[in-house]
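Protein chains: 2
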Amino acid sequence: MVVKVYGPTYASPKRVVVCLIEKEIEFEAVHVDLFKGENKEPEFLKLQPFGSLPVIQDGDYTLYESRAIIRYFAEKYKDQGTDLLGKTIEEKGLVEQWLEVEAHNFHPPLYNLVINVLFAPLMGATSDQKVIEESDKKLEKVLDVYEERLSKSKYLAGDFFSLADLSHLPFGHYLVNQTGRGNLVRERKHVSAWWDDISNRPSWKKVLQLYKYPV
Amino acid sequence: MVVKVYGPTYASPKRVVVCLIEKEIEFEAVHVDLFKGENKEPEFLKLQPFGSLPVIQDGDYTLYESRAIIRYFAEKYKDQGTDLLGKTIEEKGLVEQWLEVEAHNFHPPLYNLVINVLFAPLMGATSDQKVIEESDKKLEKVLDVYEERLSKSKYLAGDFFSLADLSHLPFGHYLVNQTGRGNLVRERKHVSAWWDDISNRPSWKKVLQLYKYPV
Numbered sequence: 001m002v003v004k005v006y007g008p009t010y011a012s013p014k015r016v017v018v019c020l021i022e023k024e025i026e027f028e029a030v031h032v033d034l035f036k037g038e039n040k041e042p043e044f045l046k047l048q049p050f051g052s053l054p055v056i057q058d059g060d061y062t063l064y065e066s067r068a069i070i071r072y073f074a075e076k077y078k079d080q081g082t083d084l085l086g087k088t089i090e091e092k093g094l095v096e097q098w099l100e101v102e103a104h105n106f107h108p109p110l111y112n113l114v115i116n117v118l119f120a121p122l123m124g125a126t127s128d129q130k131v132i133e134e135s136d137k138k139l140e141k142v143l144d145v146y147e148e149r150l151s152k153s154k155y156l157a158g159d160f161f162s163l164a165d166l167s168h169l170p171f172g173h174y175l176v177n178q179t180g181r182g183n184l185v186r187e188r189k190h191v192s193a194w195w196d197d198i199s200n201r202p203s204w205k206k207v208l209q210l211y212k213y214p215v
Numbered sequence: 001m002v003v004k005v006y007g008p009t010y011a012s013p014k015r016v017v018v019c020l021i022e023k024e025i026e027f028e029a030v031h032v033d034l035f036k037g038e039n040k041e042p043e044f045l046k047l048q049p050f051g052s053l054p055v056i057q058d059g060d061y062t063l064y065e066s067r068a069i070i071r072y073f074a075e076k077y078k079d080q081g082t083d084l085l086g087k088t089i090e091e092k093g094l095v096e097q098w099l100e101v102e103a104h105n106f107h108p109p110l111y112n113l114v115i116n117v118l119f120a121p122l123m124g125a126t127s128d129q130k131v132i133e134e135s136d137k138k139l140e141k142v143l144d145v146y147e148e149r150l151s152k153s154k155y156l157a158g159d160f161f162s163l164a165d166l167s168h169l170p171f172g173h174y175l176v177n178q179t180g181r182g183n184l185v186r187e188r189k190h191v192s193a194w195w196d197d198i199s200n201r202p203s204w205k206k207v208l209q210l211y212k213y214p215v
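Note that the protein sequences, when read in sequence, are chains P and Z.
Mapping the first sequence onto UniProt numbering, position 126 (from 1) lands on 126, and the numbers just tick up by one.
Mapping the second sequence onto UniProt numbering, position 98 (from 1) lands on 98, and the numbers just tick up by one.
Check each hint, because a few of them may be wrong.
[To be verified] Calculated pairs, EDC-like style, for lysine to aspartate or glutamate (alpha carbon to alpha carbon, straight line, at most 20 Å):
1. P:K152 to Z:D60
2. P:K40 to Z:E140
3. Z:K76 to P:E75
4. P:K141 to Z:E41
5. Z:K78 to P:E90
6. P:K87 to Z:D60
7. Z:K141 to P:E38
8. P:K40 to Z:D144
9. Z:K46 to P:D144
10. P:K23 to Z:E90
11. Z:K141 to P:E41
12. P:K76 to Z:E90
13. Z:K40 to P:E140
14. Z:K87 to P:D58
15. P:K40 to Z:E148
16. Z:K40 to P:D144
17. Z:K130 to P:E134
18. P:K141 to Z:E43
19. Z:K87 to P:D60
20. P:K46 to Z:D144
21. P:K78 to P:D159
22. Z:K23 to P:E90
23. P:K76 to Z:E91
24. P:K87 to Z:E75
25. Z:K40 to P:E147
Source of the hints: derived by calculation from the structure; they are not laboratory data.
Make a model of the complete structure from these sequences and hints.
So this is what it looks like as structure tokens:
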């Protein structure tokens, strides 16, 4: 039975889709329209009580939260496709560390930028300039740490591509291509080379080809 | 060689300490005074470039981000002390899911409350009433989902205590005891029973006895 992925046009579910492709796992899409509020309908809330995307179904097993889902598949299919977890417990610890850095340091300011720079004008809402300024500053500091780290190892957790790198793709795409902030990446030599490397993986190109972003 | 834990008086490092006690791992504390800015000193930034707590050193292995550290120890000492990961890949997936829910749904509004209700007045700063109101509303909705979940299983990931429950202890303590919001837990029968269960574990009592919160 193929895995079902809910909402693959949106950014966070793309974290799951790129992982499934790296792991060579068959899947099918179930489309959910956030703009129509389909994520707040009772049937959907039975699967994901917070009304968020993504959700997956693997047979009769349901799981949500994109970074939990990618860990689940990386572990379940450890020996299939790309190994995304590292070979030792110490390597895996660093994968976990950089996954957490992505979630807690990289993502929040970038999410605020995407909302205020990209979505707010499209929805006719007012962009919060103070949030934009603060988020730009935070993101620059975070990317300075990345630059230092990536001057010492090819990928975030070491010299191997892992869930930690992969997890940056969906919102990194917004950063580089759609917020007018590609320079934050391009001004940092090692971050720039790393971004080119991970965003040119066949798996990510396939995601972009299969599921266009809604914005 | 015993594990070194940096900053155990603060809330996030307590996530690590309670895990180490559950796993019966010897450790020693390295105190870091955030109020004196010791986390921004060059020696500390070599260990944790974002200047955050906690950090651990396990021999010559350094790791930061509390939820990465607890995963690392839970896996490294899988067969020692309390099993905190679940027995199957499916159980572990649910542990990961609820760890993510803790990090992304439970923690952010609670953190905002702790900052604005508890810390701001102590530091002579102004509390943001709008943030307090929004955070209260968000946290209530999150705890409604917890109530539904905990009416069906004893712990978040199933009928076993796991990293997912443990991860709620440090800020849950603030919520119940120091923000005047214990009612949010007590008004929800299953959340209340779950909180009593996890906060009465000998490991957590030991943490509170060893390392008093700074506030």
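Now the hints, each set against the structure:
1. P:K152 to Z:D60: 18 Å, holds
2. P:K40 to Z:E140: 17 Å, holds
3. Z:K76 to P:E75: Holds. Z:K76 to P:E75 sits at ~15 Å (cutoff 20 Å).
4. P:K141 to Z:E41: Judged against 20 Å, a Cα distance of about 16 Å means the pair holds.
5. Z:K78 to P:E90: 14 Å, holds
6. P:K87 to Z:D60: 18 Å, holds
7. Z:K141 to P:E38: Judged against 20 Å, a Cα distance of about 19 Å means the pair holds.
8. P:K40 to Z:D144: 15 Å, holds
9. Z:K46 to P:D144: 14 Å, holds
10. P:K23 to Z:E90: 17 Å, holds
11. Z:K141 to P:E41: 16 Å, holds
12. P:K76 to Z:E90: At roughly 9 Å apart (the allowed maximum being 20 Å), Z:E90 and P:K76 satisfy the hint.
13. Z:K40 to P:E140: With Cα atoms ~17 Å apart, Z:K40 and P:E140 stay inside 20 Å; holds.
14. Z:K87 to P:D58: 18 Å, holds
15. P:K40 to Z:E148: 17 Å, holds
16. Z:K40 to P:D144: Distance ~15 Å between Z:K40 and P:D144 Cα, so the pair holds.
17. Z:K130 to P:E134: Roughly 19 Å between the alpha carbons, so the hint for Z:K130 and P:E134 holds.
18. P:K141 to Z:E43: 18 Å, holds
19. Z:K87 to P:D60: Given that 20 Å is the threshold and the Cα spacing comes to 18 Å, the pair holds.
20. P:K46 to Z:D144: Judged against 20 Å, a Cα distance of about 14 Å means the pair holds.
21. P:K78 to P:D159: With a Cα-Cα distance of about 18 Å, the restraint between P:K78 and P:D159 holds, given a limit of 20 Å.
22. Z:K23 to P:E90: 17 Å, holds
23. P:K76 to Z:E91: Distance of about 12 Å is within 20 Å: holds.
24. P:K87 to Z:E75: It holds: about 13 Å lies between the C-alpha atoms, which stays within 20 Å.
25. Z:K40 to P:E147: The hint holds at about 19 Å.
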